[in-house]
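Asks: Spelled out, the chains give:
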Amino acid sequence: MLCRVADSLFWMARYIERAENTVRLVDVTLQTLLESEHSPDEDQYKNWSPILASLGDQALFESLYEDKSSSNITDFLIFSRENPSSVLQCISAARENARMIRDQISSEMWEVINRTYLWLKKQDPQKVCVEADYEFFQHIKEFSQLFQGLVDTTFPHQIGFEFVKIGANLERADKTCRILDAKRYMLQDSPAKDDALDNAQWAAILRGCSAHEAYRRVYVADIEGDTVRDFLLRSRDFPRSVLYCLTRTQLALHAISKCPTTHFSNEAERRLGQLIAKLNYANPNDLNGKEAHKLIESIENDLGEIAVQINERYMFSEIVDPAEDLEQAQA
Amino acid sequence: MQIKYDTESFFDEMFDEKGQPRPHYKSFVDRFGELTESEFNRKREAVNLSFLQQGITFTVYGNQESTERIFPFDMVPRIIPDSEWKQMARGLEQRIQALNLFLKDVYHDQKIVKDGVVPAEILNSSKHYRKEIVGLDVPRDIYIHICGTDLIRDDSGQYLVLEDNGRCPSGVSYMIENRQAMKRAFPRFFPKAGVRSVLDYPEKLLTALQYIAPQGKASPTVAVLTPGVYNSAYFEHCFLARQMGVEIVEGRDLVVESDDCVYMRTTEGLKQVDVLYRRIDDDFIDPEVFRKDSLLGVPGLVRAYKKGNIGLANALGTGVADDKVMYCFVPDMIKYYLGEDAILPNVETWLPYRKEDLEYTLENADKLVIKAANEAGGYGMLIGPHATKKEIEEFKAKVKAAPREFIAQTPISLSRHPTYCDEGFGGRHIDLRPYIICGEKTQIIPGGLTRVALKKGSLVVNSSQGGGSKDTWVLYSDE
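Those protein sequences? They're chains A and B, same order as listed.
Residues in the first sequence are numbered from 1 upward in steps of one, following this note's numbering.
Residues in the second sequence are numbered from 1001 upward in steps of one, following this note's numbering.
Read the hints as simulated data drawn from the structure, not as lab findings.
Every residue gets a Cβ at the ideal spot worked out from N, C-alpha and C, and that includes glycine.
Hints are not guaranteed to be accurate.
Said to hold, decoys possible - SDA-like cross-link-like pairs, simulated, lysine to any residue; straight-line CA separation at most 20 Å:
#1 A:122 - B:1049
#2 B:1271 - A:158
#3 B:1306 - B:1133
#4 B:1271 - A:111
#5 A:121 - B:1267
#6 A:122 - B:1050
#7 B:1127 - B:1288
#8 A:121 - B:1058
#9 B:1271 - A:313
#10 A:122 - A:106
#11 A:122 - B:1070
#12 A:121 - B:1070
#13 A:258 - B:1268
#14 A:121 - B:1133
#15 B:1131 - B:1320
#16 A:258 - B:1267
#17 A:122 - B:1045
#18 A:121 - B:1049
Said to hold, decoys possible - Some but not every residue of chain A turned toward chain B, in silico, with C-beta under 8 Å:
#19 6
#20 34
#21 99
#22 100
#23 102
#24 110
#25 155
#26 161
#27 305
#28 308
Build the full structure now, drawing on both the sequences and the hints.
Replies: This is the structure in structure tokens:
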């Protein structure tokens, strides 16, 4: 397979996954706001800023919009052309990548991306942002799920398929980390610990990862920070947990290199194996309470390094993730 | 639905002078009559939507954002009867043979110049003559493997050659997609006697490409070389690669190693490429030899080509035959190389590099079509009868300054064809681009791309200037 094709498959999958995750986060936050007390815009921003902060987008948002209303944040995350990780930009980028390799992917895959792009461009941002348009969010989520289904059912399960899986799973692991990290930025209204609020925030995080129902099947008791964290980081069977995504990535990498998973044949495989071991054999103390965000941060860094190594081994091209570029520019 | 309008003084493809459908259109007109307007509109919208969703589009570069448009498709097919087609195909075959012999000659002994048939000054001043390949033997002596000759018909219905397009003719994907769309929308309209298929074009193309593999390699690796996703014909490049089952590559995917062979970068390492169907012009194909600023090409490609390690289709240097001044000499080439008279005549043309033609051109500029000799896509052209005094004067100045770079032609009132427009059916001017593949044998694809000028009265059929297209049916019989 051409290196450029591997690169485009990886990014096509990654951008679609990113769009889906952003939509889910926006949807969950808007739903949460509906149930909270009727509050002025200033208070609403408190609900949004942890998400913006964990995505690394806060500074950019504040530089683009004066009014920090929910509808402006929604516009920023969904439609903004200035925000390289907005849903519109992600779908455009996924489509550009798909267009470059449309001879390689199935026509079903191409057409669902193209159709969604054309549909998205016709949407009225005002309506979506002000009315918290449920159908709109649902449409994007279903698009991503349809796309993944089409990858499974219309795309030969060969090397290209594995690059799609790597793109999607690395992005998913990264987003799960970031959503978990958002808790750190969530403010407590009163200095005294408010268990009800704390639980509500953890519940929102679970929903942000589509994990609420799956979590409930395992933990019947109250929703608590340590168990939520353990579930989202280390569940072996929940498909959005970090460990699950990493294991799937490992399978894909070794399917490409044909090296057994007991060894490694390149730096990406070595780093990934190490990270999986780190999660598997983590000290419970590292997973709990204040230490946890250090672990999460180190996972995020490792994920970035693994993507760089995959690129160097298989794609030989400059890795350009507009979102990361921007973060660096602002740092 | 009834198709009815005033054919005026033009040659109408569907109706004769009495307003009756010509024999080869009769069965179509009968069946079309049974269709209601709402059925027709529904099918039309379905076809347009399917083109858009499949991304069968070309890119228009505009002020801010480049936009993708579908190439407007008209649902009334252009129909060509068998005997007319056979005559045309003979003419095209004769022409391509002469052009390939001419190209071999000008890059070797230049006998045609020595014998005084083509003036040396014209050859030497031809912009696209590539000195770099003089003396080089190209595989199987074929230069133009894929040709898209533009034909028009005058007011008597005579077919004339407008230009040859021996570099990278585009549009063949529309020929195939248009046919697919018609088969889906109007299965009942296809005549019982049958329409010749164009759908095997990709296989024929692949066979012709494999034919030029270095040293006759048995199962050569073929790839389509594209300028990339931002090229307006990118859809077509992908389409052809997918249909042939070969890789589509950009310049940055390829590398010429120290062994002067061409390789593509794959996830498993370098893999050798034997034949490139290149859709990049000579100028951009190798920055080591041609334009240094080209980011699209492959450094070293010409080196590999000269060593005989890579087949290129079309060959380098075919642009010299696309020079519109050289076009005037094609009937002479046919006579010179084949000893035959041209079956398909050229449009009457004046060459201002000759003193007497320059005088005629300047005196009659308001009655002539004047074209730049090395432009394409309907650019760099003056249509005298439709131009303002000022435009004519400006153009005359350009011609005077560089007479070699222009030709002048009598305006041809192109034939018209019923076309669905805003006000219902009307006659619109059309041309025809049949595709020719030269491999082990020469094959004229029975059909082609009929382009139609959608604007009333317009003679410009190019997609960049408001043209559309039609499916082109070549029948197995004459009715």
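Asks: Confirm or reject each hint.
Replies: Outcome of the hint check:
1. A:122 - B:1049: holds (15 Å)
2. B:1271 - A:158: Holds: residue 1271 (chain B) and residue 158 (chain A) sit about 18 Å apart, inside 20 Å.
3. B:1306 - B:1133: holds (8 Å)
4. B:1271 - A:111: violated (30 Å)
5. A:121 - B:1267: Distance ~35 Å between residue 121 (chain A) and residue 1267 (chain B) Cα, so the pair is violated.
6. A:122 - B:1050: Measuring from Cα to Cα gives roughly 17 Å; hence the hint holds.
7. B:1127 - B:1288: holds (19 Å)
8. A:121 - B:1058: holds (18 Å)
9. B:1271 - A:313: holds (16 Å)
10. A:122 - A:106: With Cα atoms ~25 Å apart, residue 122 (chain A) and residue 106 (chain A) exceed 20 Å; violated.
11. A:122 - B:1070: holds (17 Å)
12. A:121 - B:1070: Judged against 20 Å, a Cα distance of about 17 Å means the pair holds.
13. A:258 - B:1268: holds (11 Å)
14. A:121 - B:1133: violated (49 Å)
15. B:1131 - B:1320: holds (11 Å)
16. A:258 - B:1267: holds (13 Å)
17. A:122 - B:1045: Given pair residue 122 (chain A), residue 1045 (chain B) holds - Cα atoms ~18 Å apart, limit 20 Å.
18. A:121 - B:1049: OK: residue 121 (chain A) and residue 1049 (chain B) at ~16 Å, within 20 Å.
19. 6: holds (5 Å)
20. 34: violated (35 Å)
21. 99: holds (5 Å)
22. 100: Since the shortest Cβ distance to chain B is 5 Å, the answer is holds.
23. 102: At 5 Å from the nearest chain B Cβ, residue 102 (chain A) passes the 8 Å test, so the hint holds.
24. 110: Hint on residue 110 (chain A): holds, closest Cβ of chain B at ~7 Å, below 8 Å.
25. 155: Cβ of residue 155 (chain A) sits 14 Å from chain B, so the hint is violated.
26. 161: violated (13 Å)
27. 305: The hint is violated - residue 305 (chain A) has no Cβ within 8 Å of chain B, the shortest such distance being about 20 Å.
28. 308: violated (16 Å)
Violation of the numbered hints given earlier is confined to hints 4, 5, 10, 14, 20, 25, 26, 27, 28; the remaining hints are satisfied by the structure.
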